[in-house]
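A.B. asks: Residues per chain, in single letters:
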Amino acid sequence: MNDHEEFDETALTALREAAQALPREIAPNPAAWANIRDRIEHTRVRELVPVANAEAKETSVTVAAEKSTRVLQPTRTWLRSTRGAALIAATLFMAVTTLVVPREDGVDGARPGALAADTAPAEMSTVFARYDGAATDLQNDLERRRPQLHPAMVAVLDSCLHTLNEAIDDTQRALKDAPDNATIAGLLEVAYQQKLDLLRRATELSESF
Amino acid sequence: MQAFERLYQQHAGRVNALCRRLAVDVNRADELMQDVFVRAWEKLESFRGESSLDSWLHRVTVNVFLAADRGDRRRRAHEDIADDDTYEHTANTASSDPGDRIDLERAIAALPQGARVAFVLHDIEGYSYEEIAAMSGIAAATVRVQLHRARRHLMEALQ
Numbered sequence: 001m002n003d004h005e006e007f008d009e010t011a012l013t014a015l016r017e018a019a020q021a022l023p024r025e026i027a028p029n030p031a032a033w034a035n036i037r038d039r040i041e042h043t044r045v046r047e048l049v050p051v052a053n054a055e056a057k058e059t060s061v062t063v064a065a066e067k068s069t070r071v072l073q074p075t076r077t078w079l080r081s082t083r084g085a086a087l088i089a090a091t092l093f094m095a096v097t098t099l100v101v102p103r104e105d106g107v108d109g110a111r112p113g114a115l116a117a118d119t120a121p122a123e124m125s126t127v128f129a130r131y132d133g134a135a136t137d138l139q140n141d142l143e144r145r146r147p148q149l150h151p152a153m154v155a156v157l158d159s160c161l162h163t164l165n166e167a168i169d170d171t172q173r174a175l176k177d178a179p180d181n182a183t184i185a186g187l188l189e190v191a192y193q194q195k196l197d198l199l200r201r202a203t204e205l206s207e208s209f
Numbered sequence: 001m002q003a004f005e006r007l008y009q010q011h012a013g014r015v016n017a018l019c020r021r022l023a024v025d026v027n028r029a030d031e032l033m034q035d036v037f038v039r040a041w042e043k044l045e046s047f048r049g050e051s052s053l054d055s056w057l058h059r060v061t062v063n064v065f066l067a068a069d070r071g072d073r074r075r076r077a078h079e080d081i082a083d084d085d086t087y088e089h090t091a092n093t094a095s096s097d098p099g100d101r102i103d104l105e106r107a108i109a110a111l112p113q114g115a116r117v118a119f120v121l122h123d124i125e126g127y128s129y130e131e132i133a134a135m136s137g138i139a140a141a142t143v144r145v146q147l148h149r150a151r152r153h154l155m156e157a158l159q
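Going down the list, the protein sequences come from chains R and D.
133 is the number that the numbering used here gives to position 133 of the first sequence; each next residue is one higher, with no gaps.
50 is the number that the numbering used here gives to position 50 of the second sequence; each next residue is one higher, with no gaps.
Think of the hints as simulated: they come from the structure by calculation, not from any bench.
Here a beta-carbon is modelled for each residue, glycine too, at the ideal position from N, C-alpha and C.
Watch out, some of these pointers could steer you wrong.
Claimed, not checked - Residues from chain R that face chain D, not an exhaustive set, calculated with beta carbons under 7 angstroms:
hint: 1; residue: Arg39
hint: 2; residue: Lys176
hint: 3; residue: Leu187
Claimed, not checked - Result set (SDA-like, lysine to any residue): computed pairs, CA atoms no more than 20 angstroms apart in a straight line:
hint: 4; chain 1: D; residue 1: Lys43; chain 2: D; residue 2: Ser55
hint: 5; chain 1: D; residue 1: Lys43; chain 2: D; residue 2: Gly137
hint: 6; chain 1: R; residue 1: Lys176; chain 2: R; residue 2: Asp132
hint: 7; chain 1: D; residue 1: Lys43; chain 2: D; residue 2: Arg6
hint: 8; chain 1: D; residue 1: Lys43; chain 2: R; residue 2: Arg39
hint: 9; chain 1: D; residue 1: Lys43; chain 2: D; residue 2: Met135
hint: 10; chain 1: D; residue 1: Lys43; chain 2: R; residue 2: Ile40
hint: 11; chain 1: D; residue 1: Lys43; chain 2: R; residue 2: Trp33
hint: 12; chain 1: D; residue 1: Lys43; chain 2: D; residue 2: Gln9
hint: 13; chain 1: D; residue 1: Lys43; chain 2: D; residue 2: Leu66
hint: 14; chain 1: R; residue 1: Lys176; chain 2: D; residue 2: Arg48
hint: 15; chain 1: D; residue 1: Lys43; chain 2: R; residue 2: Glu41
hint: 16; chain 1: R; residue 1: Lys176; chain 2: D; residue 2: Gly49
hint: 17; chain 1: D; residue 1: Lys43; chain 2: R; residue 2: Asn35
hint: 18; chain 1: D; residue 1: Lys43; chain 2: D; residue 2: Arg14
hint: 19; chain 1: D; residue 1: Lys43; chain 2: D; residue 2: Ala68
hint: 20; chain 1: D; residue 1: Lys43; chain 2: R; residue 2: Asp38
hint: 21; chain 1: D; residue 1: Lys43; chain 2: R; residue 2: His42
hint: 22; chain 1: D; residue 1: Lys43; chain 2: R; residue 2: Arg37
hint: 23; chain 1: D; residue 1: Lys43; chain 2: D; residue 2: Glu5
hint: 24; chain 1: R; residue 1: Lys176; chain 2: D; residue 2: Phe47
As the list claims (entries may be wrong) - Per the computed footprint, the stretches of chain R lying under chain D, defined by three or more beta-carbons under 8 angstroms from a beta-carbon of chain D, are:
hint: 25; stretch: 12 to 22
hint: 26; stretch: 25 to 38
hint: 27; stretch: 189 to 199
When you get a sec, could you build the whole thing from the sequences and use the hints?
C.D. replies: Structure (structure tokens):
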């Protein structure tokens with residue numbers, strides 16, 4: 001059987017042309033992303049922080065630290081590392097929320113946004129250098145305040161920073177191999193954002209003591 | 001999550017179009033598309049860049065659709081091939097112009113499922129028989145048969 005068997009050539013061509021002319025994209029339901037995000041977040045929290053569920057109210061920083069360390073063992077691929085970093089950061093954020101630390105977006109006015117998709121690879125290295133600089137400043141500031149932090153929180157913080165730094169290193173290596181890959185650049189940007197967010201929150205926390 | 005949201009923004013239109021054509025029912029297509037992106041998030045680490053992200057998402061879409069359909073079919077005890085006998089020329093009431101997009105969409109929606117999947121993936125999305133076979137877990141020869149059936153139905157419906 002071939003494509004033209006039994007069919008009138010003109011009719012078949014017309015049908016194929018009509019099929020090709022159909023729209024390749026149809027706008028999704030505007031609420032779809034919110035639902036998807038909620039389902040993903042719900043899954044992440046359920047997987048990582050079962051203590052957040054109703055029957056276990058002993059959501060302590062120590063428990064969160066133990067779980068984050070146990071669940072998120074170091075992984076081999078850059079992508080896994082990045083995702084792991086996102087998850088471990090989520091765990092820490094839950095611990096921070098438990099301590100009722102209010103969050104202020106854009107503490108230092110630098111709120112890195114969706115840059116990777118719209119920025120040329122050469123410019124991205126400048127952007128990432130700025131991230132590095134901002135992270136270093138925050139980290140230096142945090143080092144001075146470290147004695148004011150609860151030891152368990154310091155343990156979680158160090159563990160998260162370690163994972164995020166690994167994710168950043170792995171993703172940077174991947175980006176070096178594929179400098180035009182916007183997805184990898186986006187993941188690197190997210191890892192940097194998470195690191196800055198983590199440092200900001202830890203700084204806020206130290207200030208609140 | 002921001003990176004994944006960006007991925008969603010880039011690909012949601014195409015994935016949604018595929019979901020609409022595979023699932024036909026708009027509500028079911030909406031659910032399917034959400035399932036696809038949740039599954040994509042879960043399986044993102046299995047994406048190695050060997051194919052384009054677009055193709056990978058289409059593969060996930062077809063897999064999620066077929067898995068959901070298997071569940072539906074178990075409930076309905078309704079066989080795909082048997083659809084041939086129950087096929088309704090719902091497009092007959094529409095314009096006979098085969099270039100009319102709405103008529104063609106209606107005619108595609110009325111196809112038996114196997115034929116619809118083959119037609120959507122081959123004639124609209126441009127995948128080869130082998131690619132469709134790999135996506136849907138059937139033989140390439142079966143894809144050809146289903147595509148032939150789809151074209152026959154569509155030509156009859158649009159005449």
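A.B. asks: Go through the hint on Lys176(R) and say holds or violated, using the shortest Cβ distance to chain D against 7 angstroms.
C.D. replies: Violated, about 15 angstroms.
A.B. asks: Just to be careful, I want the Cα atoms of Lys43(D) and Glu41(R) compared with a cutoff of 20 angstroms; is the pair within it?
C.D. replies: Within the cut-off at roughly 15 angstroms; holds.
A.B. asks: Holds or violated: Lys43(D) with Gln9(D), Cα cutoff 20 angstroms?
C.D. replies: holds (18 angstroms)
A.B. asks: Per the coverage rule (Cβ-Cβ under 8 angstroms, at least three residues), is the stretch 12 to 22 of chain R covered by chain D?
C.D. replies: holds (count 10)
A.B. asks: Tell me if the straight-line CA distance from Lys176(R) to Phe47(D) falls inside 20 angstroms.
C.D. replies: Between Lys176(R) and Phe47(D) the Cα gap is close to 19 angstroms, so the pair holds against 20 angstroms.
A.B. asks: Given the hinted pair Lys43(D) and Ser55(D), is their alpha-carbon gap at most 20 angstroms?
C.D. replies: holds (14 angstroms)
A.B. asks: Please work out if Lys176(R) and Gly49(D) have their alpha carbons no farther apart than 20 angstroms.
C.D. replies: Holds, because 15 angstroms separates the two Cα atoms, which is no more than 20 angstroms.
A.B. asks: Three residues or more, CB to CB closer than 8 angstroms: is that satisfied between the stretch 189 to 199 of chain R and chain D?
C.D. replies: Our answer is that it holds, as 3 residues pass the Cβ test (under 8 angstroms) against chain D, meeting three.
A.B. asks: Would the hint linking Lys176(R) and Asp132(R) be met if the CA-CA limit is 20 angstroms?
C.D. replies: holds (17 angstroms)
A.B. asks: Are the Cα positions of Lys43(D) and Asn35(R) separated by 20 angstroms at most?
C.D. replies: Since the Cα atoms of Lys43(D) and Asn35(R) sit roughly 18 angstroms apart, the hinted pair holds (cutoff 20 angstroms).
A.B. asks: Are the Cα positions of Lys43(D) and Met135(D) separated by 20 angstroms at most?
C.D. replies: Given pair Lys43(D), Met135(D) holds - Cα atoms ~16 angstroms apart, limit 20 angstroms.
A.B. asks: Is the straight-line distance between the alpha-carbon of Lys43(D) and that of Leu66(D) 20 angstroms or less?
C.D. replies: It holds: about 17 angstroms lies between the C-alpha atoms, which stays within 20 angstroms.
Hint 2 from the list above is the single one not met by this structure.
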